[in-house]
Structures are given as C-alpha cells and as structure tokens.
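Visitor: Sequence:
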Amino acid sequence: MEAANAMSFSPLAWIAWALAALAVALIARNPFSQALLLLIVANTWLGPSRRIAFPVRMAVILGLLPVALSLAGSRFGAHPLFSLPSSIPLIGGRWTLEAALFGATAGVALSLTVSILVLVQARVSTADVLALLPRPLYGVGSALALALAFVPQTAATVKGIVEVRGPAGGSRGWRAAPSLLMPVLLTTLERSLQYAESLDARGFAGRRRTRYRPSRWQPVDTIALAAAAVAIAGLALSPPPAYDPYSRLAPELPALASLAGLLALAIPALLETWVSRHAPDHA
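Under this note's numbering, read the sequence shown as residues -13 to 269, first letter to last.
Do not rely on the hints blindly, as some may be mistaken.
What the hints assert, rightly or not - The following label-pair restraints were derived from C-beta to C-beta distances:
| hint | residue 1 | residue 2 | range |
| --- | --- | --- | --- |
| 1 | D114 | L12 | 23 to 33 Å |
| 2 | V148 | A236 | 48 to 58 Å |
| 3 | V148 | W203 | 42 to 52 Å |
| 4 | L175 | K145 | 10 to 20 Å |
Derived by calculation from the structure, the hints in this document are not laboratory data.
The beta carbon of each residue, even a glycine, is placed where N, CA and C say it ideally should be.
Work out the full structure, taking the sequences as your base and the hints as a guide.
Guide: Here's what the structure looks like:
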C-alpha cells in the first residue's frame, strides 16, 4: 500500500526544516525567492505522506488582504492604476501599481508563513513535540498543549449550545453572552475533569516516561537537518536582495548561493518521492 511505502522523517527534522523555511519566508522579501519557496512548500504538501489538503482558500485570502490594505492606504508611486475622488475619506486618491506590488510581497510572506506552520502541524503530532522536551519542561508543555486544545473545543461548545437554543427563541448576538456563560463553563469543567482522569489513568507525571513506538533517528533525518542548515547558511551568507517596488519595479535576481541554499529545502520532498517510488509494494 502507498501508506506503507511512505517515508517518515523524525519530528526534530521536520521542526528544523520548518524553522529554516520560516526564516526564509520572513526575511527573504524577494519575488524570485518567494516564488521558489512557494513551489517548494507546495511540493512538500503534495508529497506521498500528506495528511490534509493544501489550504488554498486560506492562502489566497491571506495573500490578497495585504494587497488590498496597501492599495487603500498608500498613495505613493509613479504608476497609477486608477483614481478615486479625493473627497472619499481614507480610500480617495490614486491607487498605484507600486502599492499593489508592495502588498503582494507582504501577502506572499504571510501565506508562506501560515502554510509552513500548518504543514509542520500536519506532519508532526503534539505527542511527538512533547516527547522532544526535557523532563522538567514536559509538564508545562503538556499543560500548554491541553490549553490550546480547549480553544477550538470551547468554540464548538458555544456553537452547539446556540444551535440547540435557537428554535426556542431568546436573545441573539452579544446579548445572549451572559446566558451562555454558565453552560459553557460547566461543559468546560466537565471536560477538564475527564482530561484529568485520563492523564491520571495513563500515569501522567510518573517517574519515567515511556513511548509505545520510540522515534528513531535515520540517515534521511540527518540529510533533512543538513538541508535546513544549508538553507540558513545561504540566507545568512548570501541574503537575496530586498525588493522595493517604490524605487524599482523589476526585482533583482538573487545570487546563485542564495538560490542553492533555498533549493536545499526541497530535499525532504524529493527524498519522500524517491523512496515512495523505489520502495517495494507491500499491498
């Protein structure tokens, strides 16, 4: 089966890859570097071990929002797209191409950042991250993970209570908040007690931590870790030229060393594809 042939990297290797990719996404504001990183992230999403679909809608919205804000808020630039009457507050005046390009670079960086975070969340489970923590931080990490898990659960609880009480009528919107407080609080406390009982039954905070399936370091993990180090080194030693559309519309091409360091981030996806194609079929 395909799932059996897919290769799994160590959580530490994925975290190192994500940190290097985030550094490039946040620092390298060059359209060529951003386009190459976007292709690498998309190719990693489409790898054989993908678990969830690529968040296309979220990436598009996050990419277009800075463009709209930059167009509406900036009146600088020598290439106007169109003009609105100056009597219109906030958005009146010239809307320029330079403002759109400036917002586009910020939007791509934002989309890349969120996509990388969602990608590493899909590849690395919370339990794997907690297993990497030293023993003094394990309790704090577990408490933080549980607290973050309560956020979507509480939102789902509020939505469920509103749907149940909808046919009965009553206040809606913010006026219904006081009447929702007690049911949500009781449901959250009940869920907290269930979590506490589950942790106690599993021997949480015992003297020795155990794992059903220990994560073993493999040669491919060393390659992925080296690829992340090469990407960071390329970004530090040969950063891509910054792009400022207000001074020059055409972006500068990054140096070969910068592109080579960025291409190193594609190694994990290439390794996954190669292993999935050459591994024996266990179906």
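Visitor: Hints numbered earlier in the text: which of these fail when held up against the supplied structure?
Guide: Nothing - there is no hint that the structure violates, so all of them hold.
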